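Undergrad: From first to last, the protein sequence lines are chains A and B. Note that the working numbering gives residue 657 to position 220 of the first sequence, counting from 1, and the numbers run on in steps of one. Note that the working numbering gives residue 717 to position 280 of the second sequence, counting from 1, and the numbers run on in steps of one.
Rather than coming from a laboratory, the hints here were simulated on the basis of the structure. Any given hint could turn out to be false.
SDA-like mimics (lysine to any residue), calculated; alpha carbons at most 25 Å apart, straight line [unchecked claim]:
| id | chain 1 | residue 1 | chain 2 | residue 2 |
| --- | --- | --- | --- | --- |
| 1 | B | Lys486 | B | Asp553 |
| 2 | B | Lys740 | A | Glu675 |
| 3 | B | Lys941 | A | Glu675 |
| 4 | B | Lys728 | A | Val453 |
| 5 | B | Lys740 | A | Arg673 |
| 6 | A | Lys711 | B | Lys941 |
| 7 | B | Lys908 | A | Arg712 |
| 8 | A | Lys728 | B | Val601 |
| 9 | B | Lys740 | A | Pro960 |
| 10 | B | Lys711 | B | Glu787 |
| 11 | A | Lys740 | B | Gly530 |
| 12 | B | Lys936 | A | Arg673 |
| 13 | A | Lys711 | B | Val601 |
| 14 | A | Lys740 | B | Lys486 |
| 15 | B | Lys941 | A | Thr739 |
| 16 | B | Lys936 | A | Lys711 |
| 17 | A | Lys941 | B | Glu456 |
| 18 | B | Lys941 | A | Arg712 |
| 19 | B | Lys728 | A | Val803 |
| 20 | B | Lys740 | A | Asp805 |
| 21 | A | Lys740 | B | Pro960 |
If you want the footprint, here are the derived chain A segments under chain B, 3+ residues with CB under 8 Å [to be verified]:
| id | stretch |
| --- | --- |
| 22 | 526-536 |
| 23 | 542-551 |
| 24 | 560-572 |
| 25 | 636-642 |
| 26 | 868-879 |
Predicted model, so just to flag it, every value in this text is computed and none were measured. Glycine included, every Cβ here is placed at the ideal spot set by N, Cα and C.
Number of protein chains: 2
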Amino acid sequence: MPKPTERRSFWTWGYVSDEPSEAERNHAAQQISQRLGTVVSPPKVPRIKDIEIRESRLRIPERLNEFTTTDHAERVTHTYGGHSTELLAAIRGHFPHPPDAVAHPRNEDELEMVLDWCTTNQVSAIPYGGGTTVVWGVNVPPSCESAISIDMDCMSEVLEIDEVSRAARVQAGILGPHLENALRPHGLTLRHFPQSFPWSTVGGWIATRSGGHYATNHTHIDDFVESTTMLCPSGRFETRRLPGSGAGPSPDRLVLGSEGIFGVITESWLRLQKRPVFRASLGARFSSWEKGTEAVRAIVQTKLWPANLRILDPVEAMLNAGLNGNDSLLILGFESGDYSQQSPIEIAAEIIRDHGGNFEQDDILVDDGTGRATGRGGAIGAWRQAFIGVNAGAGLGLGLLSDTFETAITWDQWPNFDAHIRERVGSVLREVLGSSATLACRFTHVYPDGPAPYYSFSGPVPIGEEFNHWKIVKEAANEAVISGGGTITHHHAVGRMHKPAWTKQIPTGYNEVLRAAKRELDPAGILNPGVLVDF
Amino acid sequence: MPKPTERRSFWTWGYVSDEPSEAERNHAAQQISQRLGTVVSPPKVPRIKDIEIRESRLRIPERLNEFTTTDHAERVTHTYGGHSTELLAAIRGHFPHPPDAVAHPRNEDELEMVLDWCTTNQVSAIPYGGGTTVVWGVNVPPSCESAISIDMDCMSEVLEIDEVSRAARVQAGILGPHLENALRPHGLTLRHFPQSFPWSTVGGWIATRSGGHYATNHTHIDDFVESTTMLCPSGRFETRRLPGSGAGPSPDRLVLGSEGIFGVITESWLRLQKRPVFRASLGARFSSWEKGTEAVRAIVQTKLWPANLRILDPVEAMLNAGLNGNDSLLILGFESGDYSQQSPIEIAAEIIRDHGGNFEQDDILVDDGTGRATGRGGAIGAWRQAFIGVNAGAGLGLGLLSDTFETAITWDQWPNFDAHIRERVGSVLREVLGSSATLACRFTHVYPDGPAPYYSFSGPVPIGEEFNHWKIVKEAANEAVISGGGTITHHHAVGRMHKPAWTKQIPTGYNEVLRAAKRELDPAGILNPGVLVDF
């Protein structure tokens with residue numbers, strides 16, 4: 438069996454080495470005890486070998502044996518993605534639907550062997566990248582008679598680097614940091630940093646249309662994909678490497694967002710950047726959330742294309758950037774590998790000033806060429822730390838329910854949409870989680886025609902009732918997002934979690950089109966059942 | 438019958454009012470006579486009523502009669518698109534395959550009635566926007582038993598303008614100038630100017646993924662489409678208006694480039710711009726084509742996103758911008774509705790200087806806020822006039838064969854690709870059209886990872902042999918583009934002309950996917966037969 442370099446945690450986002458320590462979990466329990474006014478203590482983490490799962494329902498044929506296993510720990514760690522409903526089930530040792538085997542194909546031939554075997558034997562095949570999905574993207578549905586999880590961790594090389602076009606051909610299983618490490622000596626970077634970056638893969642990003650570092654202009658991985666290769670049960674689906682094309686409906690766009698239902702993404706040519714050495718950043722406070730979001734609109738509509746242009750509402754700014762609870766925080770950042778960002782940030786700063794944003798001239802930090810990051814101090818530095826330090830595991834099972842949902846909406850609809858979300862979701866939150874529940878908003882990405890708002894909620898929940906309470910709030914959120922005119926996801930993907938809501942947002946006939954496409958590419962319907970469409 | 442405002446010419450791009458006069462045609466004949474060394478004179482343009490076409494094979498039912506006609510002139514003017522092979526057939530009075538009727542639906546209900554009737558009676562339905570296709574996109578295939586051309590000219594209104602999000606909801610049949618006229622009072626513009634702009638429609642742009650004004654960043658209409666509505670035989674396919682989304686494979690991307698095979702596009706929300714008032718432009722000469730294209734690469738890779746960044750090779754620069762035949766001409770332009778473009782053009786100018794480009798400091802024209810266009814004088818002004826003054830009709834049938842083909846390719850492949858095209862196509866050109874044939878290249882759009890080269894060829898041809906000679910050259914061009922790694926079209930679309938070559942460039946299985954999608958949306962297979970896929 439091929440060995441991945443690090444073992445994934447079965448109960449938190451990331452590796453075993455990312456798991457919070459007992460001390461960290463106790464600290465989290467103390468903090469939550471204070472907030473809730475009752476004493477809570479961290480649940481015991483089961484030893485992986487003590488977790489009970491059903492016997493594998495598969496007999497793996499010899500030709501797959503070299504890279505496919507029914508090992509207990511492997512099956513446990515591939516049962517769940519990274520959503521809190523999953524991590525909570527995991528830490529409690531509930532694993533009713535593990536995959537029957539886990540394959541680690543080392544090349545397309547081996548992957549093809551797995552897909553062929555699954556097709557012939559009607560075994561469900563579940564593509565697995567980094568397992569960081571927060572939308573139930575990698576689970577075995579209860580209705581499956583048998584399933585293999587296909588972990589792409591042994592197809593994780595950078596195959597070619599083209600410094601002239603600034604592009605690289607990479608295997609789908611490569612992790613974010615490994616990709617950046619391979620590009621660094623060439624002075625290049627993808628600079629696509631979803632929050633899952635340390636543990637998620639290029640293939641996962643493409644399959645789920647992840648959102649990355651850039652808050653404006655080129656936001657989704659979509660914009661960085663020059664070509665893709667997807668191995669389907671029907672054959673190899675390889676698009677041509679092109680900087681642009683107008684030839685028919687784009688085949689890459691069929692792959693982007695396909696979430697493993699058509700095939701397994703094996704490779705991609707990605708568009709890269711020169712590493713930034715010129716930077717400028719600014720944090721500004723607004724006493725009015727509305728004026729702050731208007732400032733964001735004005736900046737993005739100038740088409741200066743800042744790398745960072747985000748705003749945190751007063752609750753988000755208080756919880757994660759240490760502000761006073763009344764002010765919103767606008768975070769602005771420019772970067773370039775080639776020229777000073779003094780001029781664009783001055784233009785944007787003037788817009789902020791015109792909209793009533795508060796900052797001192799000294800707050801505009803410009804770095805011309807040292808390569809040092811600006812924007813690591815003060816409130817925006819605090820926010821950055823909160824964003825990076827995901828730490829999904831420490832608070833698990835301590836009686837606090839937290840989750841997020843995110844969308845995109847045009848500017849004309851935005852203020853009403855925000856009010857609608859806060860009213861609908863807020864009232865359900867208070868009903869279910871009580872009056873101390875919080876609902877906060879920030880923009881993760883912004884476009885000239887509208888923002889991508891990201892809502893976080895949190896509140897006390899009786900231990901053991903997390904899923905039921907979460908479900909009520911989540912359904913209210915889905916309903917509010919769809920009835921308000923938004924998209925069910927700007928960058929978290931659809932998965933099994935958002936499928937019913939997504940079905941309401943797509944055009945009549947589109948479900949049938951995707952199902953028809955699936956019948957061509959995956960005639961036996963083995964791939965990732967339950968995601969996007971029914972077969 | 439609804440009346441369109443202007444009558445289309447049956448033998449030239451545009452309206453009857455755009456047709457070249459007898460004097461202009463005689464002048465063209467004189468010029469071509471000089472070039473060819475033999476006296477040629479313009480062919481006589483037949484009167485439309487004298488053109489012989491077969492009887493309509495359809496009996497239009499009463500409910501369609503109010504907006505559907507079998508009128509002779511209407512059928513004649515809807516037989517062809519705008520490619521020179523078509524215009525030449527037209528001026529010679531050859532109309533073997535006219536549509537049997539032309540419908541001008543005034544709303545979706547009427548359009549639905551046509552599609553229903555066509556579906557029930559197995560009548561081919563050919564969506565028609567401005568008729569400017571240069572890839573045989575609107576013809577009736579000889580194998581069709583009957584066909585209706587569906588002209589969208591009576592669904593051509595701007596329905597809503599959203600100044601906050603900077604977007605407009607427009608009907609698909611609106612022409613470029615009418616759209617811009619409607620937006621101007623709001624201080625807004627789409628600024629999408631394909632060469633066909635005066636006569637082509639928003640629906641046509643979306644169906645064919647047209648390329649527009651912006652040479653970098655947001656080049657295709659794809660980037661400006663916020664949502665689409667397409668009426669399919671299966672029903673109304675309406676996407677949600679969203680500034681961005683990551684929810685499954687994008688349904689808009691199925692519509693973009695669909696060239697009328699799934700349905701008829703009826704509406705779209707389009708992303709708009711503030712009208713530019715700050716401008717900067719520069720024309721620079723390079724004694725080396727290679728160094729000039731390297732300068733273009735360096736500029737586009739800085740991500741300054743100029744609105745204009747084009748380069749003409751020495752032949753193109755001589756023929757259309759009056760240069761000496763040795764120099765290439767780089768054309769650079771920045772524009773903004775909000776801030777001075779002095780700083781970005783200075784940065785780009787320095788790159789040009791570093792790459793050996795020749796210009797005087799005075800050649801950098803900056804206009805800060807008067808709204809006057811720069812870049813209308815000198816060589817770049819001459820080129821602009823040549824680009825706008827299409828004048829497709831004047832040279833018809835005078836013994837000169839001219840055509841263009843265009844593609845996109847990554848930078849690392851570019852120099853070899855260019856050599857490959859010039860060698861393969863050049864040798865065929867000389868063989869077929871003789872040693873005086875010319876082959877020129879320019880970049881119409883450029884990306885950080887590669888350019889979109891546009892080749893023009895021209896040479897003497899025996900009158901009457903145009904099609905046969907053109908076909909040999911065109912097949913060589915298609916073969917060279919595909920074998921060289923390019924796309925068969927960056928923005929001219931696939932149509933019937935490029936279908937065989939396109940089939941070679943798409944992934945295995947993609948043809949089947951599109952056919953499966955067509956079976957869902959157009960179960961009787963009535964829509965635009967012969968385009969993209971076979972049914």
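Undergrad: Would you mind marking each hint as holding or not holding in the structure?
TA: These are the hints, each one checked on the structure:
1. Note on Lys486 of chain B and Asp553 of chain B: the hinted pairing is violated, with a Cα-Cα distance of about 31 Å set against a maximum of 25 Å.
2. Under the criterion of a C-alpha separation no larger than 25 Å, the hint pairing Lys740 of chain B with Glu675 of chain A is inconsistent with the structure, at around 28 Å.
3. A hinted pair counts as satisfied when its Cα atoms are at most 25 Å apart, and Lys941 of chain B with Glu675 of chain A qualifies at roughly 12 Å.
4. Of the supplied pair hints, the one linking Lys728 of chain B and Val453 of chain A is violated, its CA atoms being roughly 53 Å apart against a limit of 25 Å.
5. For the proposed pair Lys740 of chain B and Arg673 of chain A, the alpha carbon gap of about 34 Å is over 25 Å, so the pair is violated.
6. For the given pair, Lys711 of chain A sits about 34 Å from Lys941 of chain B by alpha-carbon distance, which is inconsistent with the 25 Å threshold.
7. Annotation: proposed proximity of Lys908 of chain B to Arg712 of chain A is violated, straight-line Cα distance about 47 Å (limit 25 Å).
8. Among the hinted pairs, Lys728 of chain A with Val601 of chain B is consistent with the structure: their alpha-carbon atoms are about 14 Å apart, no more than 25 Å.
9. Under the criterion of a C-alpha separation no larger than 25 Å, the hint pairing Lys740 of chain B with Pro960 of chain A is inconsistent with the structure, at around 43 Å.
10. Under the criterion of a C-alpha separation no larger than 25 Å, the hint pairing Lys711 of chain B with Glu787 of chain B is inconsistent with the structure, at around 28 Å.
11. Distance restraint check for Lys740 of chain A and Gly530 of chain B: the Cα-Cα separation of roughly 50 Å exceeds the 25 Å cut-off, and the hinted pair is therefore not satisfied.
12. With a C-alpha separation of about 21 Å, the suggested pair Lys936 of chain B and Arg673 of chain A falls inside the 25 Å cut-off, and the hint holds.
13. For the suggested pair Lys711 of chain A and Val601 of chain B, the alpha carbons sit about 34 Å apart, so the restraint of at most 25 Å is broken.
14. As the CA atoms of Lys740 of chain A and Lys486 of chain B are separated by approximately 53 Å, the hinted pair breaks the 25 Å bound.
15. Pair hint Lys941 of chain B plus Thr739 of chain A does not hold up; C-alpha atoms about 41 Å apart against a cutoff of 25 Å.
16. Pair hint Lys936 of chain B plus Lys711 of chain A does not hold up; C-alpha atoms about 37 Å apart against a cutoff of 25 Å.
17. Distance hint between Lys941 of chain A and Glu456 of chain B is unfulfilled; the C-alpha atoms sit about 50 Å from each other, more than 25 Å.
18. Note on Lys941 of chain B and Arg712 of chain A: the hinted pairing is violated, with a Cα-Cα distance of about 36 Å set against a maximum of 25 Å.
19. About 33 Å separates the Cα atoms of Lys728 of chain B and Val803 of chain A, which puts this hinted pair outside 25 Å; it is violated.
20. For the hint linking Lys740 of chain B to Asp805 of chain A, the alpha-carbon distance of about 17 Å falls within 25 Å, and the restraint holds.
21. A C-alpha spacing of about 43 Å is found between Lys740 of chain A and Pro960 of chain B, which places the hinted pair above 25 Å, so the restraint is violated.
22. Check on the stretch 526-536 of chain A: 0 of its residues sit with their Cβ under 8 Å from a Cβ of chain B, so the three-residue criterion for coverage is violated.
23. Against chain B, the stretch 542-551 of chain A contributes 0 residues with a C-beta closer than 8 Å to a partner C-beta. That does not satisfy the three-residue criterion, and the hint is violated.
24. Judged by the Cβ-Cβ criterion of 8 Å, the stretch 560-572 of chain A is not covered by chain B as claimed, because only 0 of its residues qualify and three are needed.
25. With 0 residues bearing a CB less than 8 Å from a CB of chain B, the stretch 636-642 of chain A misses the requirement of three and the coverage assertion fails.
26. Note: the stretch 868-879 of chain A has 0 residues with beta-carbon separation from chain B under 8 Å; the three-residue rule is not met and the coverage is violated.
Checked against the numbered hints above, the structure breaks hints 1, 2, 4, 5, 6, 7, 9, 10, 11, 13, 14, 15, 16, 17, 18, 19, 21, 22, 23, 24, 25, 26 and satisfies the rest.
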